[in-house]
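Protein chains in written order, with this note's numbering: chain F, 1 to 116; chain A, 1 to 149; chain V, 1 to 309.
Since the hints were made in silico from the structure, they are not lab data. Watch out, some of these pointers could steer you wrong.
Quick partial rundown of chain V residues pointing at chain F, CB under 8 Å, derived from the structure [to be verified]:
1. M1
2. T59
3. V62
4. L86
5. Y129
6. A139
7. L150
8. L223
9. Y280
10. I300
11. L305
12. I306
13. I307
Straight-line Cα separation of at most 30 Å, DSBU-like style, residue types lysine-lysine; simulated pairs [stated by the list, open to error]:
14. K5/A to K28/V
15. K37/V to K56/V
16. K5/A to K37/V
17. K37/V to K24/A
18. K60/V to K24/A
19. K5/A to K60/V
20. K57/A to K260/V
21. K56/V to K5/A
22. K37/V to K60/V
23. K41/V to K28/V
24. K37/V to K35/F
Note that beta-carbon positions come from the ideal geometry of N, C-alpha and C, so glycine has one too.
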Amino acid sequence: MTTSFYPVILATVIPPMVFAIAWILSNRPIPSMNKLSPYECGFDPKNNARLPFSLRFFLLAVLFLVFDIEIVLLMPIPLSLFLNPMSTLLETTISIIILMLGLIHEWNEGSLDWSS
Amino acid sequence: MPGMKFRQDMPPPGGYGPVEWAQKIPRRGLSGYAIFGVAIGISSTAWILYHFERNYKRRYELDMNDARIALEPLLEAERHRAFLKQLRKNRDEENMLMKDVPGWETGTLYGEPCYHNQAKRFPDVKPEEYFIHSRWADMYDRIWERRKH
Amino acid sequence: MMHLLICILINYLLVMVAMAFFTLLERKVLGYIQIRKGPNKVSLMGLPQPFADVIKLFTKEVSFPSSSNLYPFIFSPMMGLALALLFWSLYPYSSPLFFPMYGALLFLCISSLNVYATLIAGWASNSKYALLGAIRSIAQTISYEVSMALILLSALIILLSFNLILMTSSQWSSISLLLPPLFMIWFITTLAETNRTPFDLSEGESELVSGFNVEFSAGSFALIFMAEYTNILTMSLFTSVFFFGMIPLGIFTDIPLVLKTMFFAFLFIWVRGTLPRMRYDKLMNLAWKSFLPLSLSMMILSTSLIIII
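This is chain F alone, in the form it adopts within the complex (with noise of 0.2 Å):
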């Protein structure tokens, strides 16, 4: 319809058809079950793979998410300085300002350590 998805159809036709080349060309012998189970250093996996959670990396993920959006709002500052730089500055440094205050919080709350 439009030519600027065209990169995108293409990208998305070529890994399948790599794909099908790899799955046409593949040797099949007989499967046994111990080329199925899953990898685990000459153990029998006995219990399921996703139980373990690790709190630490998912508040690693929400410290991420917070400073994503914040940096999703500096986004526009290099349009901006054309237009009016000193307000672009201003802004820029109160909005950096209380990144930094935030980072600093974290930081003095131990989020940040990773060995405690």
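Mind docking chains A and V on chain F? Use the hints.
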């Protein structure tokens, strides 16, 4: 393969050179402060050059802006002309399509005007209606093209 | 419209060929760094080695572990390669296919989508090693993405545009000379973003065997591998676009860009051959406690310098 002759990997004739095992201490270059100074010198020169480039770019941008302002009335007139031409095409098409229907008046739905009313004299036409007489695929292409501007 | 499709297809295919030879370059350079010869047996000086690798990988058995979720398991490598290829529709050479106004934004979008491919791959294979590797690599990519976006933003403040074509066609001064520390942080961040050697915690061989791609074999593994190496080339391309201005050489303007890209791709290998792996807590501290404050202050610095100058 039958055509190929097997060739064993062997050391080069005369053997390999002696193994270098002695510690090599690299030559000392500039001191840390000197490197720091050089870096600061290079980047301040770069900032001065950047100043000139930016002024050039700003003048260029100003020039382009003036050109756009000068062109704008012409483009606006062309846009209006294209709009009116499309409306006329729509009217002619409707005349031709509906010539067999008795009592059909173009621009109205059985005598009731739908493009021209008292309260808001000429309401904006929806893009789907504006391109109604073109092919389906072309219609969506044209709507897309219009939305880009 | 057909010619446009063919142009994009050629673009993507050549990227894949470049990626193939980049793997050969890596093996060769690593070989010479470790005082041995790399692959030199396949026909002419080992040049078609990547094609031999591809044929080997494609003719192996594609195994789907019985406990894995089949559709995400098949889907995730394809998604990785699709995203890696999509970067190259932005390739800003002097006769580009598209003129995107906000190419830098699209670059950021696609690079943050790359996390999902790893996430799906690690989760779908339903193996402990894969899950741990995926979680580690996601945490690392996410943490470095914050500072990457900020560094990119301070570079764009100096460039005053999001337009990649404009950067490669009219930006004479280079940011690596204007703000050298910014460029250094950026390069380290790209190393972490592509999960390369001082930061390749996602595939720490001693603890995690191979990270999130333990369960993948043959074709799926080839796709993951291709995505990874294409990402390295992409990152070096964007490093040279954002941080090194163009050199006006008439019709040869593209050649310095390509040479710079090759240099950075080589640098990735050099770093792999030289530096040992980092500890995980140090990695996280580097991201959150030094790069983030530094890139935040760099942003204020570049904004104010732009206004002063």
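How the hints compare with the structure:
1. With 8 Å as the threshold, the beta carbon of M1/V comes within range of chain F, its nearest partner Cβ sitting at about 7 Å, so the hint holds.
2. Among the interface hints, the one on T59/V holds; its C-beta lies about 5 Å from the nearest C-beta in chain F, closer than the 8 Å criterion.
3. Hint status for V62/V relative to chain F: holds, with the closest Cβ pair at about 5 Å, below 8 Å.
4. With a least beta-carbon distance of about 4 Å to chain F, the hint placing L86/V at the interface is held under the 8 Å criterion.
5. The interface hint given for Y129/V holds, since its Cβ lies 6 Å from the closest Cβ of chain F, which is under the 8 Å cut-off.
6. Hint status for A139/V relative to chain F: holds, with the closest Cβ pair at about 5 Å, below 8 Å.
7. This hint holds: L150/V has a C-beta 6 Å from the nearest C-beta of chain F, less than the 8 Å allowed.
8. For the restraint placing L223/V at the interface with chain F, the shortest Cβ-Cβ distance is roughly 6 Å, inside the 8 Å limit, so the hint holds.
9. Below 8 Å, beta-carbon pairs count as interface contacts, and Y280/V has one with chain F at about 7 Å; its hint therefore holds.
10. Look at I300/V: its Cβ gets to within about 6 Å of chain F, closer than 8 Å, so that hint holds up.
11. Interface restraint check: L305/V against chain F, minimum CB-CB distance 11 Å, threshold 8 Å, status violated.
12. Look at I306/V: its Cβ gets to within about 6 Å of chain F, closer than 8 Å, so that hint holds up.
13. Annotation: I307/V was flagged as interfacial toward chain F, and the flag holds, the nearest CB pair being 5 Å apart, inside 8 Å.
14. Between K5/A and K28/V, the direct Cα distance comes to roughly 25 Å. Compliance with the 30 Å bound is thereby established for this hinted pair.
15. A distance of roughly 21 Å separates the Cα atoms of K37/V and K56/V; the hinted pair therefore holds under the 30 Å criterion.
16. Between K5/A and K37/V the CA atoms are separated by roughly 22 Å; this keeps the pair inside 30 Å, and the hint holds.
17. Taking the CA atoms of K37/V and K24/A, the gap is near 23 Å; set against the 30 Å cutoff, the hint holds.
18. Taken as a hint, the K60/V and K24/A pair is broken in the structure, with Cα atoms around 46 Å apart against an allowance of 30 Å.
19. For the hint pairing K5/A with K60/V, the CA-to-CA distance comes to about 29 Å; that is within 30 Å, so the pair holds.
20. At most 30 Å may separate the alpha-carbon atoms for a hinted pair to count; K57/A and K260/V meet this at roughly 25 Å.
21. Of the pairs offered as hints, the one joining K56/V and K5/A holds, with about 24 Å between alpha carbons and a cut-off of 30 Å not exceeded.
22. For the hint pairing K37/V with K60/V, the CA-to-CA distance comes to about 27 Å; that is within 30 Å, so the pair holds.
23. Distance restraint check for K41/V and K28/V: the Cα-Cα separation of roughly 12 Å lies within the 30 Å cut-off, and the hinted pair is therefore satisfied.
24. Between K37/V and K35/F, the direct Cα distance comes to roughly 35 Å. Violation of the 30 Å bound is thereby established for this hinted pair.
This entry does not satisfy hints 11, 18, 24, going by the numbered hints stated previously.
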